[in-house]
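Number of protein chains: 2
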Amino acid sequence: MMHRPIQATILTQNLRDNLRLAKNICRQSSSWAVVKANAYGHTIEAALQGFSESEGLALLELESAGLARKLRWQKKILLLEGIFSIADLDEVLRLHCDHVIHHEEQITHLLSWFKKQSADRQAEFLEHCSIWLKLNSGMNRLGFKSAAYGVAFEVLKNMGCTVHHLTHFANADDETKFPSVQSQWDVFTKATQFFAGLRSAANSAAILHHPQTHADFIRPGIMLYGASPSGIYQDIASVGLKAGMTLRSKIIAIQDLQVGEQVGYGSQFTATKNTKIAVIACGYADGYPRHAPNGTPVWIGSRSHLTDGGLAFTAGRVSMDMMTVDVSHLPFAELGSPVELWGELLPIDKVAYSAGTVGYELMCAVAPRVHVSIV
Amino acid sequence: MMHRPIQATILTQNLRDNLRLAKNICRQSSSWAVVKANAYGHTIEAALQGFSESEGLALLELESAGLARKLRWQKKILLLEGIFSIADLDEVLRLHCDHVIHHEEQITHLLSWFKKQSADRQAEFLEHCSIWLKLNSGMNRLGFKSAAYGVAFEVLKNMGCTVHHLTHFANADDETKFPSVQSQWDVFTKATQFFAGLRSAANSAAILHHPQTHADFIRPGIMLYGASPSGIYQDIASVGLKAGMTLRSKIIAIQDLQVGEQVGYGSQFTATKNTKIAVIACGYADGYPRHAPNGTPVWIGSRSHLTDGGLAFTAGRVSMDMMTVDVSHLPFAELGSPVELWGELLPIDKVAYSAGTVGYELMCAVAPRVHVSIV
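Heads up: the protein sequence lines correspond to chains A and B, in order.
Going by the numbering used here, the first sequence opens with residue 1, and the numbers climb by one from there.
Going by the numbering used here, the second sequence opens with residue 376, and the numbers climb by one from there.
Here chain A stands alone, though its shape is the one from the complex (with noise of 0.2 angstroms):
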């Protein structure tokens, strides 16, 4: 039952596609498919379906990392953050999911439940549950400094467990800023150069960018979803990425403005000439950028093909529930014509870009009340 004409469609084979992709330019790496936030707003569903040829699943909600158990993922599982609070470890058991430490707390919560399970728990936690240290190689977020790390680790160890190294980049995306990746890739081989385990620090821009860091394990996240690291759409203009995501409407009214009159709240559009406008069901309360620009591209589609379209571009404040776009220069714009807000005709990150933001905000902005379709 859907009402109003808006409509999410994820394509699972891109997902697919793009995940290829990213390992086929890392073939000694392993992948953590990075599917947190719901799979940056693709649903667990469609990641499972898309990524079931990585080697594990990253995310940090406990809540999707049983989703994903139950749905019968048996691989890897990787919590990003780790644990929030002590109670946790018992969920990180029964999902037998690795998980990373950042700090110390998480330390001393392992230790002190470690000690209060049974012997069986306890091996069984040692066998299923590796530890991903994260060292703060300077983006300053989460993770050890490189002096407090070594400590950690040894903690770790002699508590019997798997120990692996990860870290984060800042800038993977644009080489002008500093931290650069190469002087975080620097601090992270030196802080952990004398230790066993595997390694994993690129995220998608590095995976892209900077093979020297591909190590044992990749973290493709954003590119997965057939959007740019960066923002900005000609970055993978070239790189074969394909959109994870469709999202579509309609045409539910149509106004022509006089020169003179405007449309909207605010009255942020006035008819410079006379104008054609059309009224499309979709708004900020489904998770399109209200502070979206007049000029931000939509794709309209004839009323019989949505490809059989053209671009038009936005006129006036977007709205909760609505947008308007002059469609002047579009005879076939009418009412109940399909429209794409983005997706395969129209890239999300040129929607972002002129918004001022970058892809992964809008695809995890799509809201509950979008009905969700998986292909």
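Rather than coming from a laboratory, the hints here were simulated on the basis of the structure.
Hints may be right or wrong, so weigh each one.
As a list, the in silico DSBU-like pairs of lysine-lysine whose alpha-carbon atoms are at most 30 angstroms apart [claimed, not checked]: (1) B:651 to A:177; (2) A:276 to B:520; (3) A:190 to B:648; (4) A:75 to A:242; (5) B:648 to A:145; (6) A:276 to B:565; (7) B:565 to A:273; (8) A:145 to B:651.
Dock chain B against chain A, hints included.
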């Protein structure tokens, strides 16, 4: 089961008080409490508790109308955009909804559907499903222009429908913009002057600022949730509205930056002195605005008491699951300290204003992965 410490709480007593406040301003009017978009993110369940004194609920999702009926809402429901397809009319009848007609095609659908119904169902429809005909009085989004309005009215009356009158203001929160409330109100009263039926025009801003427009049914929306129609907190500071929602989380790490060190993606913050950074479990995939610049306010509590705290300001780009705040001046800020992103201690309008948006967008954007509790 809640793992990440972020949580939204809906304060139904505050919703109730806000509705009373609106009704006290307009004692001659009935009210449509606007609960579209999942009650602006507050949930239909909470809205039914908070707005039990309203004569009706207004929304646009038939799914939510169905949920309200299932939860035993027996008073009026108004579909603000009416039907999207002919099949919706079966639901309109089943749920006994009043519904807007803003477009000729909706009338065509109604005529053709009505003819096919049994006499009993026709009578039931005419008795329980009043129509609110929408006039486009200058916003140029939805509705008939004055010339077409009279024709639509007569056609519907000839069917035997009860027909009421509705319009919507573009600039009720800003008297400097055209079309003005008064100009739209004049168009509305003139177009409907010879017609029987009730009248509804006033949104929150018009309720607060334009008493001449209150008419038979007010349509309070944003004010019910405790935020400012204009997006500026000062505009409602003395009105007495209360927060409908709090969004709270915790500090999950502290980083001490040396002079010259950066934090986060794109290195958008560089320490100009030794700086204590709190990492908070809340990111744009929770619904916090990614476009919030450095300096957006966050309320930081002490580990034992949220209210025993102070304001701090974001430092570095909001990322998908985390944000970073300069807490150098707050000695009590530590791992585990509670945080309010917006709510009773920090008005949502202040956060929205800093991020270049309005409270409406933030409250609607709270993501499904955020646990919501209703109190």
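Consistency of the hints with the structure:
no.: 1; hint: B:651 to A:177; result: 22 angstroms, holds
no.: 2; hint: A:276 to B:520; result: 15 angstroms, holds
no.: 3; hint: A:190 to B:648; result: 27 angstroms, holds
no.: 4; hint: A:75 to A:242; result: 25 angstroms, holds
no.: 5; hint: B:648 to A:145; result: 19 angstroms, holds
no.: 6; hint: A:276 to B:565; result: 26 angstroms, holds
no.: 7; hint: B:565 to A:273; result: 27 angstroms, holds
no.: 8; hint: A:145 to B:651; result: 15 angstroms, holds
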